[in-house]
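Visitor: In case you want the letters, here they are:
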Amino acid sequence: MNPLRSLREALDERVAGQEQAKEALILAVLARQHVYLEGPPGCGKSLLAAELAHHVAAEAVAVSLHRDTRRAELLGETALRRRRVDGGERLSEELRPGALLTARVVLIDDLFRAPPTLLASLLRLLSERRWEGRALALETAVATATPGPAVSAAALDSLLDGFGFQIRLSGLVAGGDWSAARRLLDATAAERSAPRWTPALRAELQQRARRVEIGRGAREAWWRLARRWPDAFRGLSDRRFSRVLADALRAHAFWRGRERADAADLRVLRYLLGRRLDAETAVELERSVEEIAGELGEAPPAGRGQGRAKAAGWGGSGSKGAEPVEILDLALPRNRIGPSRRTDPVDVGLLLRALRGTSQRGSAQVRDDPGGAPRQYRELRRLDELADADPVDAALFAEARLPERPRVHRRQRQDAAGELALLRDVSASMEGRLHRWAAGLADALVRYAARRRSRVAYVEFDHRARRYRCDSRFLHRGYARLLGQLERAEPGGRTNYQAPLRAALEELEHAPGADRQVVMLTDGLPVAGDPEVLSERRLARRLGVRVHTVFVGLGPCPPVLDRLSRETGGRGFLARPGPGGGMGLRERPAAAGARA
Amino acid sequence: MSGGALQRLRGLLDRHVVGHDSAKQALLLALLSREHVYLEGPPGTAKTRMAELVAGGSGLSFFFYQLHRDTRMAELVGDVVLERRPLDEGDGERIAQRIEPGGVLSCEVCVLDDISRAPGEALNVLLRVLNERRFGERELPLMTAIATGNPVSDEYYNEPLDPAHLDRFALQLRVDSLLQADPPEAARALLERFASGEVREQPEVEPVLSRAELASLQQAVGEVEVPGRVKDSLLEILRSLVADYGCDDPAALLTDRSFLVKAVKLLRGRALLAGRRTVEPEDLAVLHWMTRFRVPEAAHEALPELIGKTLGKRR
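Chains as they are written, first to last, in the numbering used here: chain C, 1 to 596; chain G, 1001 to 1315.
Relax, there's no trap hidden among the hints.
A few chain G residues facing chain C, derived, Cβ under 8 Å:
#1 L1254
#2 F1259
#3 V1261
Keep in mind the hints are simulated off the structure, nothing from the lab.
Using N, Cα and C, we set each Cβ at its ideal position, and we do this for glycine too.
In isolation and in its complexed conformation, chain C is listed as follows (with noise of 0.2 Å):
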């Protein structure tokens, strides 16, 4: 029987779903390359890994990382070795080579939970494919993680540049994959069938799949693609671009049972850029792909694709207006957050997949703090801070003086996961219906900051704008007063843009923080202040804040929402009555335009 078929019987027998993920790691066997696979908890990650390597790699090896996962663990343990020379004796440390130098296919889990430094040589390893000069027998390295760690998008891409494959996966359920939650429902323990793929056997197919020719027209599409999508290939760097893909587009056409890749191969490409596309770009991708595909031979459509509408540029001096800002402090601390109280439906979702990123509470930025919890490594610096070493450095440093000092913990705090400031319209239009899906959208944004730690801020606005602190802090972490507050808000007065984004921006720019978000909740046209925020804008830029606006009613948006979170790389969202009376929530189009 067919050993490709036979293996994606068995991956099928023993997990539902996830049918792209299974072929992106078969291909990934094939190719050779490692895999980067990335999901929330409990979406079968690690499985999905475990079960490929019991079926094509019997003999692989896993780890899983974590904040003390040693070099010896990965690399192979240190011996001692101690030699008499004339007057004294000699102290030399030497490698005995360990599961990564030895392994031909390498399962790693939690990728992100080891120490930095570790990460940064194990990294490295991975896509050298070398070790003190000499090549690793290392074929595919497959490492799962749950979403990022808080890095910029860019050194993401960098860091992770090693795994030719990276994917995203959602789970069943939250992905909606509705027929293979129910298999999975109905699945019974079966037993794991043998081991399918001989070392011997896998060698073979990785030859032959190497051997696949790539055709003319594969050669022009994939010029023709990067071209189209030069935002999508951005994330790619040349190795990936040249090597990688070539290697994946000729496992893809040897698993389709082909001896030649032709432009339709290109969906690999899906593999390779998983992690970064979102779900809508990915189809688009692929729907370019069989264009292509299908007019090869004609001229591309001039200018097409060539990245969306830039920004629209702007001019003029900014009106420096000083708005009237009222200064209050949050009444009636109480301790617990109590139920929400929402009646209406309101469809939260989409705003805050919005604010993810940085936000995410697993990924909150950590900073040295002497009270803090001990959370990584370093060199031990003054000898009283020898109570918090490791026991066994501290052992190894007293009796066999090893020049190298013992580490010692880094105490670190768990600082905001990033910083949310809501600015929330109260004017007499916001009334009825309007008011109670405002109230509603800024009562689960503060839930999803205390979840998640977020500091908070928030200011109401009408014409004026009124700035409420809480212990004489605009940002801050009393979320149950500021709940209480949102209760109370009552409508009244005009619509001025300018007055709460002024109040917000100049308090953000006075507390320096590194993911600072703004969610700007309105209804109305501006009618005092300036109506195009210019200065504001531009202040927003410069500090490198996120403003999200959210239109809530039903008339047009004004198109200055639309730019401020262009211009700002936020997002623009759109409230209306939704289905069952409630409130829906739709994206904007206008207002995602060329994004950092």
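Let chain C serve as the given structure and place chain G on it in line with the hints.
Guide: Frame of chain C, contents of chain G only:
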């Protein structure tokens, strides 16, 4: 059939702890289906006591650990030992490090007290152990881990559990103080109990359930039948949570592992607790114990209604 065994364990819990009916049920369910439980509540609400009783009453080997801000891996999994051996060839020695299994690695029931106080990173290894019940090459005897935590707020010096960690605990409940609860009778009973002087100190717990009884019960859980219509209802409820209550990622933690794999086990366990051999639609009530900290509060509150609606439609 040893249904009486569970009654005895329940009786033991009732003798020693007043009120907290759902927490007690959940603990029994966890033991039966070999799942983990997370109890969150303010200090002094008998969280730890209930956990101790379940472990002691079932005669299982027990590990209790009070987590703290500086908790290290070695405190939980056993001592790190250093081995020095002479090298096979030449003059020199080899220094290797390994773990002498202890704590979580060798117990059957463990109580992790104040789990929200320990740094998430320190828990990472531990929680892997909980999920896979393996450590390196070893299969662990662990049946149920019971974690307790305090609500996250500025008053308690803790951090919220990482979602990946939270998901390891299939059952999640909030334990509120009896005084705040409605109706207040339980608080009255508690008052009477201590006022009368019948309880002076916490007595040692004698096992009321034998190992063989527990093993046969756990085996029986796997044999409980799950009809297709219950599975359909489960999916319908999940779909509605995602579509109508905004429970999609990242607002909620509806993971496949918990809601497609573990939920089935818990449904079976609940049926068995009620003395049945087939899962009935009413057993879907276990979802209420699974969603406490996984979905937004509003969705959690709406769950009973949602379950009722779904079942009504089917009928």
